[in-house]
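Residue numbers (the numbering used here), protein chains in the order written: chain Z, 1 to 230; chain L, 1001 to 1230; chain W, 2001 to 2230.
Ranges of calculated distance between the beta carbons of each label pair, as one might list FRET restraints: (1) Z:Gln-36 x W:Ser-2076: 20 to 30 angstroms; (2) Z:Glu-6 x W:Thr-2027: 25 to 35 angstroms; (3) Z:Arg-223 x W:Ser-2076: 50 to 60 angstroms; (4) W:Glu-2017 x L:Ser-1002: 22 to 32 angstroms; (5) L:Lys-1167 x Z:Asp-148: 11 to 21 angstroms; (6) L:Gly-1165 x Z:Glu-6: 35 to 45 angstroms.
DSS-like mimics (lysine-lysine), calculated; alpha carbons at most 27 angstroms apart, straight line: (7) Z:Lys-162 x W:Lys-2208; (8) W:Lys-2167 x L:Lys-1094; (9) Z:Lys-222 x W:Lys-2222; (10) W:Lys-2094 x Z:Lys-55; (11) Z:Lys-162 x W:Lys-2222; (12) L:Lys-1162 x Z:Lys-208; (13) W:Lys-2222 x Z:Lys-167; (14) Z:Lys-222 x Z:Lys-162; (15) L:Lys-1208 x Z:Lys-222; (16) L:Lys-1222 x Z:Lys-222; (17) L:Lys-1208 x W:Lys-2162.
If you only want the chain Z side, here are some residues facing chain W, beta carbon under 7 angstroms, derived: (18) Arg-61; (19) Ser-85; (20) Ser-157; (21) Ser-159.
Bear in mind the hints are in silico, worked out from the structure with no lab data behind them.
Beta carbons are placed, not taken as given, at the ideal position from N, Cα and C, and that holds for glycine.
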Amino acid sequence: MSSVPENTQLGKHVVIENNVVIGENVTIGHNTTILQGTQIGDDVIIGNNCVLGIKTSGNERMRKKADKYGSLNIQSGSRIGNIASIYAGTDIGKNVFIGDHASIRENVSIGDKSVVGRAAIVELNSTIGDSCTIQTLAYVTGDTTLEDNVFIGPCVSMSNDKYMGAKNFTLNGPYIKSGAKIGNNASLLPGITVGRNSIIGAGAAVTKDIEDNITAAGVPAKRLNSDGNK
Amino acid sequence: MSSVPENTQLGKHVVIENNVVIGENVTIGHNTTILQGTQIGDDVIIGNNCVLGIKTSGNERMRKKADKYGSLNIQSGSRIGNIASIYAGTDIGKNVFIGDHASIRENVSIGDKSVVGRAAIVELNSTIGDSCTIQTLAYVTGDTTLEDNVFIGPCVSMSNDKYMGAKNFTLNGPYIKSGAKIGNNASLLPGITVGRNSIIGAGAAVTKDIEDNITAAGVPAKRLNSDGNK
Amino acid sequence: MSSVPENTQLGKHVVIENNVVIGENVTIGHNTTILQGTQIGDDVIIGNNCVLGIKTSGNERMRKKADKYGSLNIQSGSRIGNIASIYAGTDIGKNVFIGDHASIRENVSIGDKSVVGRAAIVELNSTIGDSCTIQTLAYVTGDTTLEDNVFIGPCVSMSNDKYMGAKNFTLNGPYIKSGAKIGNNASLLPGITVGRNSIIGAGAAVTKDIEDNITAAGVPAKRLNSDGNK
Chain Z
1 MSSVPENTQL GKHVVIENNV VIGENVTIGH NTTILQGTQI GDDVIIGNNC VLGIKTSGNE
61 RMRKKADKYG SLNIQSGSRI GNIASIYAGT DIGKNVFIGD HASIRENVSI GDKSVVGRAA
121 IVELNSTIGD SCTIQTLAYV TGDTTLEDNV FIGPCVSMSN DKYMGAKNFT LNGPYIKSGA
181 KIGNNASLLP GITVGRNSII GAGAAVTKDI EDNITAAGVP AKRLNSDGNK
Chain L
1001 MSSVPENTQL GKHVVIENNV VIGENVTIGH NTTILQGTQI GDDVIIGNNC VLGIKTSGNE
1061 RMRKKADKYG SLNIQSGSRI GNIASIYAGT DIGKNVFIGD HASIRENVSI GDKSVVGRAA
1121 IVELNSTIGD SCTIQTLAYV TGDTTLEDNV FIGPCVSMSN DKYMGAKNFT LNGPYIKSGA
1181 KIGNNASLLP GITVGRNSII GAGAAVTKDI EDNITAAGVP AKRLNSDGNK
Chain W
2001 MSSVPENTQL GKHVVIENNV VIGENVTIGH NTTILQGTQI GDDVIIGNNC VLGIKTSGNE
2061 RMRKKADKYG SLNIQSGSRI GNIASIYAGT DIGKNVFIGD HASIRENVSI GDKSVVGRAA
2121 IVELNSTIGD SCTIQTLAYV TGDTTLEDNV FIGPCVSMSN DKYMGAKNFT LNGPYIKSGA
2181 KIGNNASLLP GITVGRNSII GAGAAVTKDI EDNITAAGVP AKRLNSDGNK
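Using the sequences provided together with the hints, build the complete structure.
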């Protein structure tokens, strides 16, 4: 049984599985699928053709999954676009915006007022602070931390596996400190830290830690002088 | 009320909201959602599980939206793939092809015979000329202009916000002149111009204007000599 | 007529067209569309809101399509995520994992136990060996070969058209030999070969063939010395 208040605006062909809890004044678009156990706060707006509350899957060559995750919990005032997918075991804060075609994995936390852009992806075990912006088509790999007010430009890429599957390595995504800004299509390597309020140029490859308040660019990324040259 | 001619080939579980106008000999795939006010020309073919005619959304931290946009208008002979999303307030020309998983925002104009590839994204307020090719996973940011016959390679990235949200800045995407070709995974910075028939190498970062008839490559992109070296 | 065994777990609003053959103990999620002629092996699990068995399409400016392809054939034990699209004329091996939002074109072969990541794309006429990993948002262009045990990092980009549509050119994707590993967001040019067990750095642009057992990085990619410098 699920709890769907009378003031829910339900589209056509919506599927709501068991044990779904829906708050007051929620809108759910057409052809959207809400899987078992999903919890949706008040005033949430969900677009068309989404899939919410997905259980983890994989094949024998993929990382072992936790045996059990909790529900997907979408807090009040958040908006989910169209054709988006979000996993069970993840917490979406208040007044968050998730774009069309975006995908968010399990065991992720997204802080209040953050924006996950169109077709952006956030992998498992990642923590996104408050008021972050993850732009279109950006890729936040697993085991990544963004503190508050971080800006991830369009098409930014991250990785969390130093040996690309060749050796045992504790998967470790980037750690991006408060106020840092990553330019479009930059590449961040496993485990690197980007310091507070630092800026990474478009197309850079960040292979080492970047201190606070630095501007760096290039492949590999190097600190720019005050005149903008390396 | 909507106008759906008898010769429409309608899939199963298609949702057609109010005030949709459909031309002659249109095909609409299964599980596709056509939202209010969408206008579809003759001989248009739309795939399965699409969402067409989306109204703009956002949260308090995102760009203020126009109060009102017109309809989505798809002109005759165009084809839309599967799992694609297109917004209201956009005009798709004649004989255009939009790939699967592609997403096109509001207030966009796409010229006749252009191709928007699989999972490619065109953001708001952008103008795409005739016979352009935007390849797979390419990202056309907001406020961008492509003249006619422009080629955007796979995974090309663009940005339109010089200060990444840190300062007030009039958002300004790239301006790409007729016949220019952008190599795969190149990064284009806000407001840069690429000249007529110029060629940008794969993986380049274009940080300054590029004149007509130039080949440029590297991070940052520099003009190549006739022997292909910088 | 289609063959759907009684032990099939069928979601709601699933569309199964004619001549679909489904093996034993198959699960199909809600709102998924299975198009004409698709063949699904035993113990396959398919997510929600997918489109499987798509026929090729295009407009007058795109590559001429083959007149006829066979069915989509998904072999036993494979898992397809949510909101994925796969074309007719393609063969998915045993125990393969295809992520959410992924898209696989026609005339593709994917070997046993391989993984195609979330929102990754494999274009037409490509051959993927056994036990390959294609990570999230990676782009495998048309006419590409991956031998066995190849690792393609997140957001890797490839191209197959040397002249970007300007001249006649036989389309020719990269050829990546067994055990090679491509770092995240690297760009591979048309027709290049990456040798056995070679490693390409994150953000590199590979413009020439890379021999066996080499590590290369940079734009353009150059061989690294043993101390990691160019």
